[in-house]
Amino acid sequence: MAEPISDIFDGQQDPSLPPRLITDLLDNAVALYPDRIAIDFLGRTWTYGEIGGLVQRAARGLQDQGLKKGDRFGLCLPNCPYFVVLYFAALQVGAIIVNFNPLYTERELEHQIRDSGTRMMAVPDLKAIHGKVEAVAASAGLDKIILCGMVDMLPRMKGLGFTLFKRKDHARVLDESIHVRLNRLLSSNVLPNPVRREPDDVAVLQYTGGTTGVPKGAMLTHANLAANSAQMVVHVGGHSSRQERTLGVLPMFHVFALTTVLNFSVEIGAEMVLLPRFEMDQVLKTMKRKPPTQFFGVPTIYVALNGLADDKIPNLSSVRACISGGAPLPLDVRERFEERTGAKVVEGYGLSETAPIIACNPLDGLVKDNSCGPRFPGTILEIRDPENPTRVLPQGERGEVCARGPQVMKGYWQREEDTQAVFVEGALRTGDIGYLDEDGYLFLVDRIKDVIFCGGYNVYPRIIEDAAYQHPAIKEAIAIGIPDPYRGQSPKLFVALHEDATVTTGELKDFLRERLSKIEMPKAIEIRDSLPKTMIGKLSKKELVEEENKKLA
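Read in order, the letters of the sequence shown correspond to residues 36 to 588 in the numbering used here.
The hints are simulated quantities; they were obtained by calculation from the structure and are not laboratory data. The C-beta atom is built at its ideal place from N, Cα and C for all residues, glycine as well. Hints should not be assumed to be uniformly reliable.
[What the hints assert, rightly or not] Label pairs and their in silico Cβ distance ranges:
id: 1; residue 1: V225; residue 2: P54; range: 28 to 36 Å
id: 2; residue 1: N423; residue 2: K325; range: 49 to 57 Å
id: 3; residue 1: V230; residue 2: D316; range: 37 to 45 Å
id: 4; residue 1: V186; residue 2: L67; range: 30 to 38 Å
id: 5; residue 1: D346; residue 2: G523; range: 45 to 53 Å
id: 6; residue 1: G491; residue 2: A339; range: 36 to 44 Å
id: 7; residue 1: K558; residue 2: N423; range: 28 to 36 Å
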């Protein structure tokens, strides 16, 4: 039986992280906390002992269907118990998990299935998701679809209601020959055949967002993912006689939630209260029914909670760890959230290629405004010259953030040139501009590719966006560079307003002139009902850049 991380590290702040298998996390939790609730899904619960048993049966079922070590196994599921079960089951038989966003289009699904070589995929028996996967199965080379019954996971009355009133949402199977019902996988009482696995084996292909090009599969090993979970334990804590409770509203197909909601929660034997999607009413009811002690979100979730009426604001005094990631958290959003909910929120930083967290503000200790915090335990952060990446810059200078550590990926799947380009002297180039202060706290300035080159000056969109967020009417802000015949590029600001708020572009320009330099002032401001977002709710510049470029075509 594996030792608890707290025992291995004995409270050290900079541990040498022992390489482990991801499945060790669940094995340890089952051994230590068999009777603890592992999952609450819309009111139905499973203990760690029960989840461990389901994983064993699912692993044998997958082997019986031909899944072998090194095969790619797709998960195209919302947050639900079967995501957890099939994640650990596939890893136990040595397969590689490929995470798919259920909201992907058929084109996006086909590209990722082909690129990864996924041959078997789990999907819910919901027409909106299953129909897309079945439509591309033959052309993409998908051999089998594991069909997961949503009703089987629901409490009895909710399941009955779903069966009676949501029939139109049920998947209609056209080709039975490629489908296997999950219940069939779980019917075996025979233990899975043992498979030799190593911590350096690839565990997950985590595809990058593709906001700056074609999505690439980051090869995250068992050791990478287990290390980031262990780093979370040292940084956040969690091993105690009191069971933690994680509200899992972030989708686990995204690496931030995969580590925080799933791996870290299992590591410390926490209860995972899973929600299939972010619906405000459901989130508020769940917070009241099961007050969380851990809450992980992206900035748009905190913005949405901030927008609630006073009588709807949840009491989050139960929350011990409240962490924001996925995108920069504007200072005014953080302050308003803390003021209204009573919870302390800290910001972290990472990317798909680092499993994902490499820095985070401390829960107990100095939190610096607009900082991502100090490095994670066992991680080395360097600031390098973007034009000459072999040169490490001195403390305080702005440059490209680079990282080394046990959580850094093995490379990109079948993309050797891209892998070589993203590493310099063993350090991963993040593509982000930032600096380290005298205390080792990381401050991000912007993405290298988002910097606006304006009349020989570098203008950072985040500075403009942060200034806009200081206006009480602004809910969301995105700044981009647009072509300028004189300067080369000029900033343009897009904003969305809070409900019932009003402001004119002229008033906003007057407001920004007091906070921005002349070169940073937007040449144009556009007010919209909403701004484009990625499938996990992060604000997205790509669509706006494309719109502006089309105007010139």
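Worksheet entry | Those earlier numbered hints the structure runs against, lowest number first | none
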